[in-house]
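There are 4 protein chains.
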Amino acid sequence: MAGDSFGTLFRFTSFGESHGPAIGCVVEGVPPGIPLTAADLQHDLDRRKPGQSRFTTQRREDDAAEILSGVYEGVTTGTPIAVLIRNTDQRSKDYSDIAQRFRPGHADYTYWVKYGVRDPRGGGRSSARETAVRVAAGAIARKVLTSVLGRPLTIRAAVVEMGGLAIERANWDWLSVDANPFFSPDAAMVAPWEALLDGVRRDGSSVGAVVEVVAEGVPPGLGEPVYDRLDADLAKALMSINAVKGVEIGAGFEAARLRGESNADEMLPNGLGGVRFTSNNAGGVLGGISTGQTIIARLAVKPTSSIMIPRQSVDTQGRPVDVVTKGRHDPCVGIRAVPVAEAMVAVVLADHLLRFRGQCGLPVGL
Amino acid sequence: MAGDSFGTLFRFTSFGESHGPAIGCVVEGVPPGIPLTAADLQHDLDRRKPGQSRFTTQRREDDAAEILSGVYEGVTTGTPIAVLIRNTDQRSKDYSDIAQRFRPGHADYTYWVKYGVRDPRGGGRSSARETAVRVAAGAIARKVLTSVLGRPLTIRAAVVEMGGLAIERANWDWLSVDANPFFSPDAAMVAPWEALLDGVRRDGSSVGAVVEVVAEGVPPGLGEPVYDRLDADLAKALMSINAVKGVEIGAGFEAARLRGESNADEMLPNGLGGVRFTSNNAGGVLGGISTGQTIIARLAVKPTSSIMIPRQSVDTQGRPVDVVTKGRHDPCVGIRAVPVAEAMVAVVLADHLLRFRGQCGLPVGL
Amino acid sequence: MAGDSFGTLFRFTSFGESHGPAIGCVVEGVPPGIPLTAADLQHDLDRRKPGQSRFTTQRREDDAAEILSGVYEGVTTGTPIAVLIRNTDQRSKDYSDIAQRFRPGHADYTYWVKYGVRDPRGGGRSSARETAVRVAAGAIARKVLTSVLGRPLTIRAAVVEMGGLAIERANWDWLSVDANPFFSPDAAMVAPWEALLDGVRRDGSSVGAVVEVVAEGVPPGLGEPVYDRLDADLAKALMSINAVKGVEIGAGFEAARLRGESNADEMLPNGLGGVRFTSNNAGGVLGGISTGQTIIARLAVKPTSSIMIPRQSVDTQGRPVDVVTKGRHDPCVGIRAVPVAEAMVAVVLADHLLRFRGQCGLPVGL
Amino acid sequence: MAGDSFGTLFRFTSFGESHGPAIGCVVEGVPPGIPLTAADLQHDLDRRKPGQSRFTTQRREDDAAEILSGVYEGVTTGTPIAVLIRNTDQRSKDYSDIAQRFRPGHADYTYWVKYGVRDPRGGGRSSARETAVRVAAGAIARKVLTSVLGRPLTIRAAVVEMGGLAIERANWDWLSVDANPFFSPDAAMVAPWEALLDGVRRDGSSVGAVVEVVAEGVPPGLGEPVYDRLDADLAKALMSINAVKGVEIGAGFEAARLRGESNADEMLPNGLGGVRFTSNNAGGVLGGISTGQTIIARLAVKPTSSIMIPRQSVDTQGRPVDVVTKGRHDPCVGIRAVPVAEAMVAVVLADHLLRFRGQCGLPVGL
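For the record, the sequence lines run as chains A, B, C and D.
So for the first sequence, the numbering used here puts the first residue at 1; every next one is plus one.
So for the second sequence, the numbering used here puts the first residue at 1; every next one is plus one.
So for the third sequence, the numbering used here puts the first residue at 1; every next one is plus one.
So for the fourth sequence, the numbering used here puts the first residue at 1; every next one is plus one.
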């Protein structure tokens, strides 16, 4: 009820502040018998890790995950899996001067007004550092999906717009995504974005981004009507990521501009006794339940609030102050949102797959 | 876990199919001592009710709500409040010819593939009829908010775009909203939208819409980090409404196109020991917690999928069929989404207010 | 969170006061495709119904259950099943004189002090009338168990002690249970209990009872370590029944008096590749997980608090008063607890069976 | 849903196996501003710790708790509090010979049949070692209770029966409880229990015990009708402790042997505008809600299943084997259940206090 858990049958409960001793989570509901090691988490954690290019914060964290429970001889046992990530590069002094000031765009003010006390070191609980835990849980969720489905399921994300510069969809190439520091699926956009971000950093400013998540191989039938719809849970999962201000599924806001006959995806026999759709405006979800098509979601990430340009604010005494955020920050937090968004989609799908199996048995075709 | 409940401390659990005997809900967590009668629900139910203008479905439902429990001598007792709405205008025969066909854009196929069985009458559980229950729960949530806060809190919504035609924000007038059949805050947009919808209906087509919800008077501090953020729960609440494909908070997707210094809302002393913001790109939420500013959310509603224009589909035997949806339908379901969106925001706020009070005591300033 | 729901994957949410318009529940998580009609609920409801012998309250309720949703053409659809039972024999005047008095042993005082308001008619929400809803939910749970297991599972209960007079276990005969008004498994105990209750009624007094529930055919593996253990959930389910003051599993309190070598049930190969136990002190649960043995639970029911013998109490003004409960009451509420206890065990088992299937797939051997 | 969490508003989620790297928990819902250090947990942890007398297992664990989050400058921040306890004395070899055998009375067989895999080292997840986590969570719950109530609340427990030898209630002295190795409130029972346990250990056997928990100062109004009753949640909390087979509240099973006029606790004006009860058969709970009287609960703990006397069992291949549990074990696990039972009662009360505050505001008189 305090909001630190996500999911129901597959659920993780997280803890930790940016500059406390550690962050981590407890993952419940993992089926037994799935091979799992800390190395399985590390790949995704490394993709999210700061300090990998000059376009992300230079804060260095090893983000080395330790599995404390729920695995025996390399295999899950069905009991809760605790993941611990020690905080190693804390440098509290970088932040000490703003402990009494509310940074605009940050959660400083809201935590203070809610709780009357806050951990100001590096943003405390509201720091994007928390998203490392999501990535760890997401890596376990991927394992669960593969194991229960008995086949691979692909969840990938990419940055499709940064600082107002959008990719060309015709250029989309998944191989490109991990080959540039922006997770861009359009190789032609790498140079413009480099130029953009170099300028932004020079200005001490920041820019926003739009991230798209694509999940292929999702079986039909996932999602619980009428409130825990798959798209509703995806919206919550993605909106809960730091700095996200919008979420859309399939055609999203553009669907509101289509006519009914253009928007509704037509169906044809697929020749195998099933169905194929002639388009995917629905983004793979109808009535809150997956259709078997590719799931498509997009999220809008606001520009990093930590900037070098002075902004007006107040302090805890209610006095006016200017705030300049020194220290190491991402010029575009949207970049590092990519593996986090993938992870949250994996968690939602794993949860709904287990819920489907609980109520109805396994999905059709498995 | 089956998805029929929404909320935690303030929670409603709903039931009912479009053409079954009744729909309704059980509302839990309502504080005791709040005056409540069925008439309190009826005002909002009537705003959602179909058949009120030529621009909504001509299906006629009295939508008369009966309170079965939890109220004694006109006052809530703290026990669950059951609300029952009998279905009176069912006309099953209107739908019988499409019982075996999957209507494109509808949940027919997904319910069938998920459950292996479905109630085809009027869309069954996936019908927009279910949203009457949300409105009833929302009316109770408003009562809870007013009672706990000890002062009014205003939650209103309006259609800000229909069929691609957007209102002029400079014309915004809340008095206009209930004075036209479109919930338009811009009186100048009524005529163009009338023309649009008359044409759409003539074509047997439909259009989408964008709805904006505005909540004023929300105290700071509502929202539970880090997964049950206020904005994450709003996103889930709004995305769970039938036909919604996108949700944004404050500047939303536009925030992704702003620079950090433009996006981050600056703060100044308000002269009363508190804070005032110089802008509201955040839409009243920072770090998942309300700031005390006005909450602003927008939702994209796809065009009604029930149209007279034939669409290709398959039947339950996997054979190709053409589907034409006869009967009575809304040319733009986005219109009737207005009171539903308000209701869901009320439910989220009431839930988070009680959760705040549970963990931390009452919000500051109350 | 307000306590009106029971279960997780299989869950029911109840509502209703003793003398309000109706009581009922919404049952979520029922797998689709299970034949179900109102008649299926009526058999169990009739066993709980008052007024069937001179040994239960003469209040007459038809307890006719109406299914409002979730069933189409006689088969469950996977959507929530609402059950409505109208209150028909309310006679509010019987209770009006004690509206301002706190009846000793009843929940009058605690509801009043908790909520500051209460519905005094017939005990309101705290009336045993609420247990009819449990029985309805339990009847659905039995259907779920049979359907998912693909074979019958037997859940039965009996009164094993009343007013301090215990049955002879050697006489146990399940056929006897429904053949006498006490649900006694020992036919020889019927006459003594008749004499006991006739005397108790003459005195305007009441007696307590011990009920035993026995569930045969439960597969091994049900129960979630370490807090949602099967025995822990059974304890909660049974202790939540009105007037229950104690719960034990298997040898129960007697286990505390055994030595380790006598208590631990030994295992032998069963000749079929499985295991058989040589005793069942565990009552079918080890480490919170079912063993595959018969589940055995007992519950202690206190004597009815509504008696004709004057008792001292206070009124809502804090003044001393004498309370005499006139009207129609059970001399031993433990009798009617029998079908209620069965129902709650069925609900717990159904919930854990679906949870097992969700996390691990179907239990071994199914 | 996987059973690793307890509570709702105040909730802890635990993890860890007996011989894995660590055990621990995440505690959510703790109000902000409460002074808390690891030392606050240590007092209760030390009372539970093994190896403190010759009457408990000689396994030595420092049980040193580390707080990883949710506390800043010695004060809770409202964010989740993670507690980590490293396992230091693991000696896996003591257990290796029984990895393939199902120890009678233990959870070996049920974990294996449920999950198809298990961590056999020291009982894995089913070990009583997990109860250290409960004690840590309980220590935090006590802090929450004191802070929210603004006054002390006393939760204590004692062993009232061991191996069939019961204390004399007239001798009850709370000062005695922590002054002997058995948590006996009756100093005169220390010598007989010493003799009993010395004999039991010599025989390689074990005995059971009955523990009584007493909570004084609980405000009236805690408990959520009708399923999350205070007594129902206490029953679940206590039955979920390892080796517990029975729970009773107040007069418990004896209540089933009383007449109505003897059982129902009479009320009198207390001279201060409130109520006092002339007896406490209810154990402080009526209708599932606390009365303001002392809460009394008892739990039956079965004898330790690990004994030196050979018992018949089977191995994972289904072959008959004899099992003798060597190693270090408690001759009576009921002793160390005392601080665990206190902790679980504290957790239940803290949760219900926050739930009360959430729905209704603070309890009357606070």
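None of these hints come from the bench; they were simulated from the model.
Bear in mind the structure is a predicted one, so any value in this text is a computation, not a measurement.
Beta carbons are placed, not taken as given, at the ideal position from N, Cα and C, and that holds for glycine.
Keep in mind that a hint or two might mislead.
Away from chain A, derived, C-beta distances all over 12 Å, residues of chain B [claimed, not checked]: (1) Pro21; (2) Phe102; (3) Thr110; (4) Gly123; (5) Leu149; (6) Val190; (7) Glu216; (8) Pro303; (9) Thr325.
Short derived list, chain D residues pointing at chain A, Cβ under 7 Å [what the hints assert, rightly or not]: (10) Gly74; (11) Val75; (12) Trp112.
(request) Grab the minimum beta-carbon distance between B/Gly123 and chain A and tell me whether it stays above 12 Å. (result) violated (9 Å)
(message) Minimum C-beta separation from B/Pro21 to chain A exceeding 12 Å: can you confirm that?
(response) The assertion about B/Pro21 holds, with a minimum of 18 Å to chain A.
(request) Determine whether the non-interface label on B/Thr110 survives the test: each CB of chain A must be over 12 Å from its CB. (result) violated (4 Å)
(request) Please confirm whether B/Val190 is truly not at the interface, meaning its C-beta sits more than 12 Å away from all C-beta atoms of chain A. (result) holds (19 Å)
(request) Against chain A, does B/Phe102 hold up as non-interface, every C-beta pair farther apart than 12 Å? (result) violated (6 Å)
(request) Decide, holds or violated, for the assertion that all CB atoms of chain A are farther than 12 Å from the CB of B/Thr325. (result) Answer for B/Thr325: violated, closest chain A Cβ roughly 9 Å.
(message) Would the non-interface assignment of B/Glu216 survive a Cβ cutoff of 12 Å against chain A?
(response) holds (18 Å)
(request) Beyond 12 Å from every chain A Cβ: check whether that's true for B/Pro303. (result) For B/Pro303, whose nearest Cβ neighbour in chain A is about 4 Å away, the distance does not exceed 12 Å, so it is violated.
(message) The hint names D/Val75 as touching chain A; please verify it with the least Cβ-Cβ distance against 7 Å.
(response) OK, holds: D/Val75 within 7 Å of chain A, min 6 Å.
(message) Hint D/Trp112 vs chain A: min CB-CB distance below 7 Å?
(response) With a closest approach of 10 Å, the D/Trp112 hint is violated.
(request) With a cut-off of 7 Å on the beta carbons, see whether D/Gly74 makes it to chain A. (result) violated (11 Å)
(request) Test the statement that B/Leu149 is away from the interface with chain A: the closest C-beta pair must be farther apart than 12 Å. (result) At roughly 16 Å from the nearest Cβ of chain A, B/Leu149 sits farther out than 12 Å, so the non-interface label holds.
The earlier numbered hints that this structure contradicts are 2, 3, 4, 8, 9, 10 and 12.
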